[in-house]
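Protein chains in written order, with numbering that gives the first Met the number 0: chain Y, 0 to 621; chain L, 0 to 1128.
Don't take each hint at face value.
[Said to hold, decoys possible] Footprint (simulated), chain Y over chain L, 3 or more residues, beta carbon under 8 Å:
{"no.": "1", "region": "295-306"}
{"no.": "2", "region": "531-537"}
{"no.": "3", "region": "729-742"}
{"no.": "4", "region": "927-933"}
[What the hints assert, rightly or not] Across the chosen pairs, the derived CB separations fall in these ranges:
{"no.": "5", "chain 1": "L", "residue 1": "Pro894", "chain 2": "Y", "residue 2": "Lys251", "range": "53 to 63 Å"}
{"no.": "6", "chain 1": "L", "residue 1": "Glu927", "chain 2": "Y", "residue 2": "Thr176", "range": "38 to 48 Å"}
{"no.": "7", "chain 1": "Y", "residue 1": "Lys251", "chain 2": "L", "residue 2": "Glu927", "range": "37 to 47 Å"}
{"no.": "8", "chain 1": "Y", "residue 1": "Lys505", "chain 2": "L", "residue 2": "Lys923", "range": "52 to 62 Å"}
{"no.": "9", "chain 1": "L", "residue 1": "Glu916", "chain 2": "Y", "residue 2": "Asp104", "range": "39 to 49 Å"}
{"no.": "10", "chain 1": "L", "residue 1": "Gln380", "chain 2": "Y", "residue 2": "Lys251", "range": "50 to 60 Å"}
By construction, these hints were calculated from the structure, which means they are not laboratory data.
Just so you know, even glycine gets a beta-carbon here, dropped at the ideal spot from N, CA and C.
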Amino acid sequence: MRKTIYLFFAMVALASCKKYLDKLPDDKLSGEDIFESWQTAQKFLNNVYSHVPDEFGQRDGGKYEESDNYNNGGIWTGGSDEAEFLWGFVRSNNMNIGAWDATSDFVKTYWTNYYQGIQGASTFIRHADEISDLSQELKNRYKAEARALRAFYYYQLLRIYGPVVMMGDEPVDPTATLQIPRSSVDEMINFIAAEFTTAANDLPVIPESDGDYGRFTKGAALAYKAQALLLGASPLFNGNTDYADLKNKDGKQLIPQNYDVNKWKTAATAYKEFLTTFGSTYDLYRVSDANGHNAYRSCRDVMLVDWNVEWIFARRGSVDSRQYELCPRHDGAPSGDVKGGTGLAATQRMVDAFFMANGMSPVTGYNADGTPIVNAASGYQLTGFSDFKAPSSNATLGAKSTFNQWVNREPRFYVNITYNRSTWLNPTYPMETTLFRGGNSGKKADGSGGDYSVTGYVVRKSMSTGKWGNSSDHKLVMLRLAEIYLGYAEALNEADYAGNLTETLKYLNLIRERAGIPQYGAGANALPIPANQVEMRDAIRKERRVELAFENTRFFDVRRWKIAEETENGKAWGLDIDATTEPGFYNLKSFETRVFNKKHYLFPLPQVEVNNDVELVQNSGW
Amino acid sequence: MKQLLVIRKNKLGKHALLFLLIFATTMLPVFAGESQILKKTFVSVKFSGGNLATAIASLQRSSRVSFAYDKQVLSQYQVGPFTVERENLEKVLQRLLQHKPLDYEEVNRVVVISKKEEPLNKQVAQVRREITVSGIVTDEKNLPLVGVTVGIGGTPTMTTTNGDGQYKILATRAEDMLVFSYIGYVTAHEMVGNRTTINVQMKPGTSQDLEEVAIVGFGTRQKKISLVGAQSTVNPQELRQPVANVSTMLAGRVSGVVGVQRSGEPGKSSADIWIRGIATSFGNSSSPLILVDGVERNINTIDPEDIESFTVLKDASGTAVYGVRGANGVIFIKTKSGKIGKPQILFDYSEGVNTFTRKPEMLEGVDYMNLVNEALTTRNQAPMFTQEYIDKTASGLDPYVYPNVDWIDAVFNKFGHTRKANLNMSGGVDNAQYYVSLGYFGESSFLKTDDQAQYNSALHYDRYNVTAKLNVNATRSTKVEVGVMGYFSTRNAPYESPSTIFGSAMAATPVMYPTMYPGGIVPGITSNGASINPYAQLTRNGYRTENENQLYSNLRLTQNMDGITPGLSATVMVAFDAFNSLSIRRAKRDDTYTVDKNSPYNPDGSINLQRTWTSTQPYLGFSKDNGGNRQTYVEGALNYQRDLGRHRVSGMLLGYASSKTNAFAGDITSSIPSRLMGVAGRATYSFDDRYFLEFNGGYNGSELFAPDNRFGFFPAIGAGWVISNEKFFEGLLNTVSFMKLRYSYGKSGLGLITSGSRRFAYITEVSDGARGYDFGKNSTTNTGGVVVTEYAVPDMAWSTSLKQDLGFEVKFMNNRLSFIVDLFNEERTGIFMMRRSAVIFNGLQNQLWGNLGAVKNRGVDGTVEYNTNIGEVSLNLRGNFTYNKDEVIENDVPPQRYPWLEQRGDNALARYGYIAEGLFIDQKEIDESAVPGDKSKVQPGDIKYKDLNGDGVIDANDVAKIGRGDVPTTVYGFGFNLGYKRFQVGVLFQGISNADRMLRGRAIMPFNASDASNAYAIAADRWTVDNPRQDAFYPRLAYGEDRNFNNTRASSWWVKDVSFIRLKTALISYALPNAFLSRFGIKNSTVYMQGINLLTWSKFELWDPELNTDNGISYPNVRTISLGVNLKF
């Protein structure tokens, strides 16, 4: 009897023990609940979207901390020959001098970011049909968005790392130990193109409502499909024998070793399909005033007017931090609205790349000591000063003494570059920005404190005409029609110079016409038509460099074209910001020596991945 | 719970179970059983003949029983040679005293041998004779001891000494045994004989004594001789220092504790402590479990005056009972409670002055400008300062335009201040005792304040501690103890944290701007708010007030259950703790101005100032934070202790549960109380005080683990052998008075998962606060994001630690010299960590967690102590050390490309970087060498790194172990206490070795920032073209981040040894003559002078080597010298 009583108490005690520790957070959202309703499923899809890179966030771009705290902004602007960041913590500064490797945090950041997006997209596609309160049509549309995002993320991985591991259609089992080899470039391009095509079928041509802007549309999907095909046709991935040894352990060649001109044709066809389908949807953005087409305003405002007719894909970006970098320090300014950080400096080579107002290149090349070879026909003057009124100058101000290098340049020069003694673009505060030592935005005279430009120039494109950091929904354009025109022209020229000449020139000239400079073989003051494929290639590349300056294409273009060993290597140039007198400031001076070797065409795969997946081969040279 | 069902099969278990169930939620310790020494002691003696006194002495030695006798009387009787083997002591005595007019009697565990009396006379004598015995009881310093209990053995007669240490008691027979007892002292016995005055000098209770007890797991008392585990104690007296936090006083004072004080900031000056070093890794907690009166509580806010005992449990025999909490060791603090006796009032007060142990020395203005110019011009850049500018600054004639400021002096005063007071009262009668204490601690900092500020931003910390304890014997067999402790503290501070201000003071260059412009106008340079004026941050940016209130309460009931079976008792304890904090912040920021360097003066002669910052908060703002938690703890236990002849057994069975709730949790997961419950058991057996065997076990779990996997069993066994009690050892006893070997082996665990890792790892976690995305054409909306942040690890468990300890104790010279040495080995497996072998391309937000890590920790710790008296001088020398070597066995990282990248085999906190081979000698060497970045910026005098894999590039493949980290392998302490008449001097040195720090960050890397920054004065010790020294502290100077890139890489160049020895504490005290004070009602008083961190010897001289900073930007540790008085009423 007593035994029974003890046993009874023991059981009561046991039961209460169990309960005492049973304090599960059971009122929380669990993994299974997410797809029960659209209310939470849409948040899941939002998170899949969040892996679209925030390219305005390049100051901290690539920052990686444990537990999901990373910055997916690229390091493409300061990491190319377009610009240089002032601050030492910016990761592109390490990259530029070759101080990076497979263990660098940003190498892991982009890899992590895009694979998380891929896993999220696959999970959404797998479970979207479980959503109980959504029509089949909408389910299909959102699945198509996820599919397009997944293809977009593979495209990003491909251009950063080269061919990577493809995860298939189903989400990954979290407990699985994965040992998967890399896919080839062709497999990836085919997959990406096919997925964009499939997705496009269920996507709307234009967003259904204002609130849907930013979602993948049919146009965005087909545009990126063409972009991916162009990447696959480019010299980096099309018969690039520098990567002959990049093979999986089973001998599979990852980068095609035989050049195939048809890849350009496929790309051109994709661009053509896009332009045909969306001929009435998109157009180059233009601003007219009393004098007709205003090229300066057109090229400036295409970046500033949200979702204008030229925009194909865009997101909200870190406008505050980008505009802080673009706005000079402006000591003594009457308002904080125009006092920024001067952090993102344009290089002299980028400044040289802009055409003259007559459409000609001011510089045709460089001497061994870094000095420019001036194109005498262009009228470009290396020295001296002239009275000049820039289009960026306030309407009420007259001409003023300007360094000759910056006189009579094309409108896009004034859209893109803040130079010494230029007028600030905020019409309320038409300040003069001085960038020499002791100037209001240059190094301090006594060397104490202050943010300054390391080249004597500041990047200006995408800068608001109001206060800096006016984030009132100013968006970041990821892809606009101009890039499609230029991609199309490039694909046409590479596929067949002579056969496509008319079509090539049409789209190249559309860009120049909008930029307000003479066209090739047409219009007023026409320039001669590039005489062969090589000349045309050069013209297209120059146009692309200028039109898409500071829009994160240059970094990938010089790699795609396999010219980075020239453009990204050796001394990088600016003006002499340490000169103690203003005239000394105008001298050319190298601010650093950049390092670019063959291996740098592709990022290394993160070391930890190569360690953990025995099937994974590292990129050549890393 | 399984154990219970097993144990209930025997009789003992039934009771255990019954009581566990009665006090289902709780439980407690006990010790019982009046020993009957004569009957239970067995002796083996070989006596070669002599008088009775020597015979009894040899019995005493071999039996370890205390005898009391009149040596003169006994030495009259001769005894022939005899040999006894394992014979009952009573029988042996009977035989020895046979036919002699002597009798024996056991009184208070002392065997008294006295003259036999005629039965008839005895009766008469008792009626007739009354002997008044009086005397004075003194301590080891010959000072009167107040409140000593004086009793007559075997009778209820009892008294206590008065304020002068005097007592008077009535004895009835010459054979009466006076027993003098006082906590902390060895109980003294004196036979009355024919004396009427008996003065006793009591000895502090440090010598080995049969009756000496030790605290073991769950606060149970156990005879010290029977310990089989490694544990050390701290004399609470030593913790009475003028510091806020007890933890800062432990390193070097007790073997096995590794401690480092990371800051001297008032209110934030606690130390990091580890028991036997670090035996875990991967972000798991390495902190010990700290229990105050049995409940997990904060060590730092206890008033040291209230501590009665301080025990560190180091090995498995002590920690297994704590199961999933025990692996990092346990510190058990017991607070004081009342003692029987007249009310005793103690008052202690001290007042001290603080200075920095070491203050950073920064460059002065002219040196700064010259070095900046050198850094620039030697790298082909323009100088920053003209000679005219430098000359004007040097002249000091125009300080507003050409300032030269020592910012460290500008923000810091030379002295801080410490005040400490404690008033306590204790006493009681048979049935009830009390202890009440009120403590105060106050500390002010070095930070300056500004007279013009309208508010108080001075940094000071005040804490009041209150303690009240009451022990009541509710019935003859039931004891009730109630204790309430708590504190409330207030910390007032500038709004900006001291480390921010400190950082600014090191960043601000001496020539940037003056501390203030006339009229209280704040200088400042940049429009974006960088390069902030440190003095303005300190005095003009507002203030914050932080309040904390803590209540600890305990209620304990102990029931003697001799009625059921002798030696059995039960106890139940309930504790309730509540904590809350409130932090109020009042921030503001003034406009800043700078002199227009182009036209520094206005026409009227005033300074021409330009505004550089327009404040958006020119008046005090307001914000606040609340924090708080509640903790309940219940415990119930059965204790059994019984001596059966030479066999002694004891047992404990205990159940407990605790729950802690964060009252201000920010989310659902953290709002769920942390809970623990478990059962602990102990069984000990000893034979003849020679052989000891002990079993400890814990069975417990917490809400952190999956229901099916929630409880774990943690057993430990231990054995001890007192070799000196063996018969064969007898001949050695004159030299080696005590020798013991002990060994323990067992398991404990660690299931406490620290912040940043995962709670509830057995369930999948979904975050609905994940990144979302903005959609919309003109305005955008973001409906938020949802993502699976963590996938479930259903089989997740605690990490398991297998601990072994081999201890050796030996004493010489009649216990005056003692050594204790312990060798330990710990293997920790299943350390909870994120998978590192998983690929990132699986796309998970976070990799799965698992019990994957393994760390091994081995070492030795030891103590040596020597006590002696030379004439009137008493001397105590002591030393201790701890050495440990931890080693990562498994880190779930796949094989590396190069052997030097492998981190298995390194210590847990190892430091990695490039290996510096020296400084480049010439351009040719640079051309031939690999560098980490832009080679065109590298010049002779820059650091050359070893290209480990020889690929011509310095990158991550050239990273190797370059240091151990800042937690030392070796901690030691040594010191002495010297007493002479009324003087007492005590000194403790403490040191660490084998610890390092890698310099990096602002100021310590001169001029390495895009904006300006000052440098340490040691920047003068640099490589220069004229003096190209390889042994310079700094390589060639450079200005700006890009030019410093090569030299600022993490490398062995910057790894500095931070070993040190310091005079940690010193005390000199003088006891004032009583006659002088008695007229004020003071019975006893001592004045003392005390110092902390008085002297430090270290190769590292830039800042205090204990600080947790790589560039010295941290509130320094302080040196305290205080004067105090201690009064007894």
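Non-conforming hints, listed in increasing numerical order: Per hint list: 1, 2, 3, 5, 9 violated.
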